[in-house]
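As you go down the protein sequences, you meet chains E and P in turn. Its first residue numbered 1, the first sequence is counted upward by one per residue in the working numbering. Its first residue numbered 1001, the second sequence is counted upward by one per residue in the working numbering.
Be aware that one or more of the hints could be misleading.
Said to hold, decoys possible - Simulated restraints on C-beta separations:
#  : chain 1 : residue 1 : chain 2 : residue 2 : range
1  : E       : Cys-25    : P       : Arg-1228  : 37 to 45 Å
2  : E       : Lys-59    : P       : Arg-1217  : 46 to 54 Å
3  : P       : Arg-1217  : E       : Glu-21    : 54 to 62 Å
4  : P       : Arg-1461  : E       : Glu-613   : 18 to 26 Å
5  : P       : Val-1621  : E       : Glu-613   : 20 to 28 Å
6  : P       : Arg-1217  : E       : Gly-635   : 32 to 40 Å
7  : E       : Leu-223   : P       : Glu-1636  : 33 to 41 Å
8  : P       : Glu-1394  : E       : Lys-177   : 41 to 49 Å
9  : P       : Asp-1510  : E       : Ala-575   : 39 to 47 Å
10 : E       : Asp-12    : P       : Arg-1316  : 43 to 51 Å
11 : E       : Arg-514   : P       : Lys-1579  : 48 to 56 Å
12 : E       : Pro-532   : P       : Glu-1636  : 41 to 49 Å
13 : P       : Trp-1310  : E       : Ala-346   : 44 to 52 Å
What the hints assert, rightly or not - List of simulated lysine-lysine pairs, DSBU-like, C-alpha gap at most 35 Å:
#  : chain 1 : residue 1 : chain 2 : residue 2
14 : E       : Lys-44    : P       : Lys-1044
15 : E       : Lys-65    : E       : Lys-120
16 : E       : Lys-240   : P       : Lys-1624
17 : P       : Lys-1240  : E       : Lys-240
Because the hints were derived from the structure by calculation, they are not lab data. Only a predicted model underlies this, so the values are computations on that prediction, with no experimental measurement involved. Idealized CB from N, CA, C, for every residue including glycine.
Read off the chains here:
2 protein chains.
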Amino acid sequence: MNPVFAGAVKVDDIFWSRYIELVRCTIVPYQWEVMNDRVPGVAKSHAIANIRIAAGREKGEFYGKRFQDSDVAKWLEAVAFCLATRRDPALEATADDLIETLGEAQWPDGYLNTYFTLAKKGERWTNERESHELYIAGHLIEAAVAYFRATGKRRFLEIMMRNADHIDAVFGPEEGKLHGYPGHQVIEMALAKLYEATGEPRYLTLATYFLDERGKRPHFFELEAAARGEPGDLGPFGAKMFEYNQSHLPVRGQKKAVGHAVRAVYMYSGMADVAALADDESLAEACAALWDDVVRHQMAVTGGIGQLEWWEGFSRDYDLPNDTPYNETCASIGLMFWAARMNRLAPRGEYYDVAEQALYNGILSGLALDGKSYFYTNLLDVVPEEVAARLDAEYSGAARRGWFPCACCPPNLARLIASIGGYVYSTSESALAVQLFIASSANVTVGGVGARITLSGDYLRDGRMSIAVEPERPARFTLMVRIPGWCKGASARLAARGSAPAPLPGEVVDGYLRVEREWRPGDRVELDLPMPPRRIRANPLVRADAGKVAIARGPLVYCLEGVDNGPLLSDITLARDPKFTTAYEPALLGGVTSIRGEATRSAGGWDGALYREADFAAVPVGIKAIPYYAWANRGENEMKVWVNQG
Amino acid sequence: MNPVFAGAVKVDDIFWSRYIELVRCTIVPYQWEVMNDRVPGVAKSHAIANIRIAAGREKGEFYGKRFQDSDVAKWLEAVAFCLATRRDPALEATADDLIETLGEAQWPDGYLNTYFTLAKKGERWTNERESHELYIAGHLIEAAVAYFRATGKRRFLEIMMRNADHIDAVFGPEEGKLHGYPGHQVIEMALAKLYEATGEPRYLTLATYFLDERGKRPHFFELEAAARGEPGDLGPFGAKMFEYNQSHLPVRGQKKAVGHAVRAVYMYSGMADVAALADDESLAEACAALWDDVVRHQMAVTGGIGQLEWWEGFSRDYDLPNDTPYNETCASIGLMFWAARMNRLAPRGEYYDVAEQALYNGILSGLALDGKSYFYTNLLDVVPEEVAARLDAEYSGAARRGWFPCACCPPNLARLIASIGGYVYSTSESALAVQLFIASSANVTVGGVGARITLSGDYLRDGRMSIAVEPERPARFTLMVRIPGWCKGASARLAARGSAPAPLPGEVVDGYLRVEREWRPGDRVELDLPMPPRRIRANPLVRADAGKVAIARGPLVYCLEGVDNGPLLSDITLARDPKFTTAYEPALLGGVTSIRGEATRSAGGWDGALYREADFAAVPVGIKAIPYYAWANRGENEMKVWVNQG
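Go ahead and model the full structure; you've got the sequences and the hints to work with.
Printed below as a string of structure tokens:
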């Protein structure tokens, strides 16, 4: 199936419209100001200046990470998605001018990268392990494709086609070319998009080449190091380098997710793209094995991945600490990219179950409700004084930050949210699928007939959605509606045009309710996905969660926050039957359903003692849980997802 | 009160005699071989060679840490205590020759240190923050005093008096001397011992000077750095340097234990020594405040201290992780040193409660039952694959190691165990105290009369001890018997000479049962300290132990080990009433009382899922707990002290 492009989906959702407007009205302008170094008190960016200097428009020196350009690329992609659904001449003029600047910074041969233009001119294409040259190219290509699809303007696309053509001239199997691949993946996804946008098969071939070259021996990164006169240089991760960037094995032979989590899921996304576009079965099989590994062994309940801080990556199976994980926002975003692509390859509700799990929890938690501060790591158990003592306190903390020296996450959030409509629907020749429950409408073609599909309802409030299907004329096709894995007692009724709702014929296959019939204008499906509060347990192999439960409701994982429950959340033990009640609180955190329940705290009388003989005295307390994504919007305080269960 | 010297106490205890013989017959010879680099497969020592080279007996270069000499010092101290209770001509000859070698390595001015003799000749006394020169001197002085008291031989003592006199000429308030103090404390304790052994008051004055100079501004370590031409050098801990080595405040103003734990408790021990010997009340008050801080906020249930790996030291209050603490063996040994000195200052049962807690748990855990391998860090929750991934895996692990590049702990264990008799009794003019329940006898003077005291019984087996008091003639004094804080229902009866046991008059004051009467030869106290298994809870402010209990019996903390309970100990939840039973198992781990009880494990049926809705199904299992000190003697496996409590 093919996803319906975000620009073709009009989101009109009580939850998501607020976020989309936040991107449009706050985040995009805010990040532009930050990248222009006009926001005091946040980490310096200089990203726009780097481009202007490389273009010759300004004097100055490069500043920042070698991948600083990628922040701009992701921001431009967010702008593209904003423009796709509502034109904004001023914003478009800013973007167009920035695109022109990029064009001016491009080398005659198509090369485009400010770090290697300004700071390390003679070193381009000599250290792909660390240089991020292909990473920057990939993000710029993605932005260019989005900008083209959103605005119809070809300038940015043409710049990046020239860049891609240059890369194609540098890398490849032919003699004289570099037989290499990126140290940080993303170009694979990008080239797949460029192929789809342009129809140029060389781009798909190059994406496939980058994937299949990986893991070959002698190892490209060793050959590169030798060519630089640095034989034996394995970089900061030493012998773990090959795992770190997933070049330890040919990708078709990889079964375990290892190494840097963002690199990993970006690569797996590219693998799924190529598998779909080239109908490549062994790549699809590798993707499926890796998927199972991640979601069965290495994923936090919030959809966070990458537990080890020191390499921002995967750990041992079931090593899922709550107080010290990494769970980078970008990694969960990448997991969602991958999930969507797995669903494209072979639709299964499980893929969007995970996408939804990541989206509503470990991704949105990266963003403050006001759009102006961000979590880089997303912890599940936070005590402010403990996280302040972390070695990576600059990237972890009890409070979101306005920017980071390595600022990958903030613009990644912007582009994802701006494109969220693109994850709602997919179509094939004979089917129309609803993947996420975001109130919206789209004009699609299915069964050879144009049709309008409209989702309405307030999913997070009550799990009730109405799906109106309006083909131009009666048409036979299958409506596929994902029934979330978390849902018990889902039901659907069909209100055929002018009739009262009646039980819907259809069955759930691979997580999708499938209704094949002749659909007529005015048909409507009423979906009821009951979402009472529930408790989640982790597999006993997850040591960190032993004796604990996570509270959830629908797709939302909940947490206890100090502001509602006082300090020392570790002392709270949920009652065996916590008698949960829910209340929609419109004034709380932008409008959330809170959960209250019964628990105990230990009795006092310690008189300063550190240890004493157990007496198990406890006092009853009420707890209040809020959605995890919304925590840390009421000042620094404790937060806990996994709560002791009595 | 003054402790009765170890050499005057004949230990005849089923538990401790085995350990003392292990030191004598195995550990002392083994460590000698290691320090001579004749044990394959362990970290290189070279400590004896360094001394022989410095003495001119061998050619070669210095190898090892700059404090490598201190390993030899502690080993010599262990030898001294071995010789104190049983002469061994061969061992004594080895020691005497080594002492001669030290004398040959000594500079004409009394300086003695192989690192600064061989490797950094011109740099002596230029960087006391890092050099460990006073640390080595301190350990050698302690060894020399012990050797003198054990053998009556003065040679080693005289060498170290010359060394102390040299130090006294280098440091002090007079103009032209260094107004400084050690980066790693121990010299304070050592000088106090030297003062007691020689009666020379300059040594006590110098100890007091080293304490009182600390924390003054401008800061000695900054002045030192400037004198070296390295102004601004704060060492590896940067701005934390002052806290790291407890030079952030004058010692009399220190209320919080901070920094490197071994340095801290060695210094607090020296403070308590000076407080006792100089009758210094404000030092005693500082000691009391620091004591309260450590035992009420910063001590593991095993008597482990120093929770932070990165500086081997104290953390925030109540930050007592089980899987990642440091709990260095030397730090618990130092805590016991300090506890004994606090008891000397003002006898309180609490001090020896803590000494006993450290001794039987976090100290003895440092030693394998065969004496040939050692834990440097003492974790409370070990999963082999997790500790193997620790950054400090060289010093932490699921298995003890034969030696370490920094080998402070192994000889520290040897000297402590060899001197254990010295912790059993104290006397004052009018009182005789029993602090630890180690079967032994000693000839003491109390109430102006010579008396023999004999403890018999098997404390760890049943908590029943018999205390026979035999004054040369009837004498009035107070017998003080510590009633352990963990004990409920302690009782004591007096069997006056020739009479049947009868209730003992006396009351418990500050943790000691005090019986003042006229004691006559043949009097006997029968003490019953019931020790059923009990569960310990930690103060709720200790987040790591929330919802968990530790199993204990008498002074012993117990643990679950994988070999008895299978893997995945985190999945075990103790029953609300675990119905503990005990069994003495003579063939297990040298003879231990094991504890069995009822628990549950989570039910299966996960089918590879990582998360699922909570169902709380559980299956009953039995658990078996063993004393913590004895774990890791049956191969690498999991271990857990704090167990989930249902």
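Hint-by-hint comparison with the structure:
For Cys-25 of chain E paired with Arg-1228 of chain P, a C-beta distance near 59 Å fails the hint of 37 to 45 Å. Between Lys-59 of chain E and Arg-1217 of chain P the C-beta distance comes to about 47 Å, which sits within the given range of 46 to 54 Å. Between Arg-1217 of chain P and Glu-21 of chain E the beta carbon distance is about 57 Å. The supplied range of 54 to 62 Å therefore holds. In this structure the supplied range 18 to 26 Å holds for Arg-1461 of chain P paired with Glu-613 of chain E, their Cβ-Cβ distance being about 21 Å.
A beta carbon spacing of about 24 Å between Val-1621 of chain P and Glu-613 of chain E agrees with the range 20 to 28 Å that was offered as a hint. Checked against the given bound of 32 to 40 Å, the beta carbons of Arg-1217 of chain P and Gly-635 of chain E, roughly 37 Å apart, stay inside it. In this structure the supplied range 33 to 41 Å holds for Leu-223 of chain E paired with Glu-1636 of chain P, their Cβ-Cβ distance being about 39 Å. Taking 41 to 49 Å as the suggested C-beta distance range, the pair Glu-1394 of chain P and Lys-177 of chain E conforms, at roughly 45 Å.
For the pair Asp-1510 of chain P and Ala-575 of chain E, the supplied restraint of 39 to 47 Å holds, since their beta-carbon distance comes to about 42 Å. Checked against the given bound of 43 to 51 Å, the beta carbons of Asp-12 of chain E and Arg-1316 of chain P, roughly 49 Å apart, stay inside it. Taken as a hint, the range 48 to 56 Å holds for the pair Arg-514 of chain E and Lys-1579 of chain P, whose Cβ atoms sit roughly 55 Å apart. Hint check: Pro-532 of chain E to Glu-1636 of chain P, Cβ distance near 45 Å, so the stated range 41 to 49 Å holds.
Range check, Trp-1310 of chain P to Ala-346 of chain E: about 48 Å between beta-carbon atoms, so the 44 to 52 Å window is met. Taking the CA atoms of Lys-44 of chain E and Lys-1044 of chain P, the gap is near 48 Å; set against the 35 Å cutoff, the hint is violated. As the CA atoms of Lys-65 of chain E and Lys-120 of chain E are separated by approximately 12 Å, the hinted pair is consistent with the 35 Å bound. Between the alpha carbons of Lys-240 of chain E and Lys-1624 of chain P the distance comes to roughly 39 Å, so the proposed pair goes past 35 Å and is violated.
Pair hint Lys-1240 of chain P plus Lys-240 of chain E holds up; C-alpha atoms about 32 Å apart against a cutoff of 35 Å.
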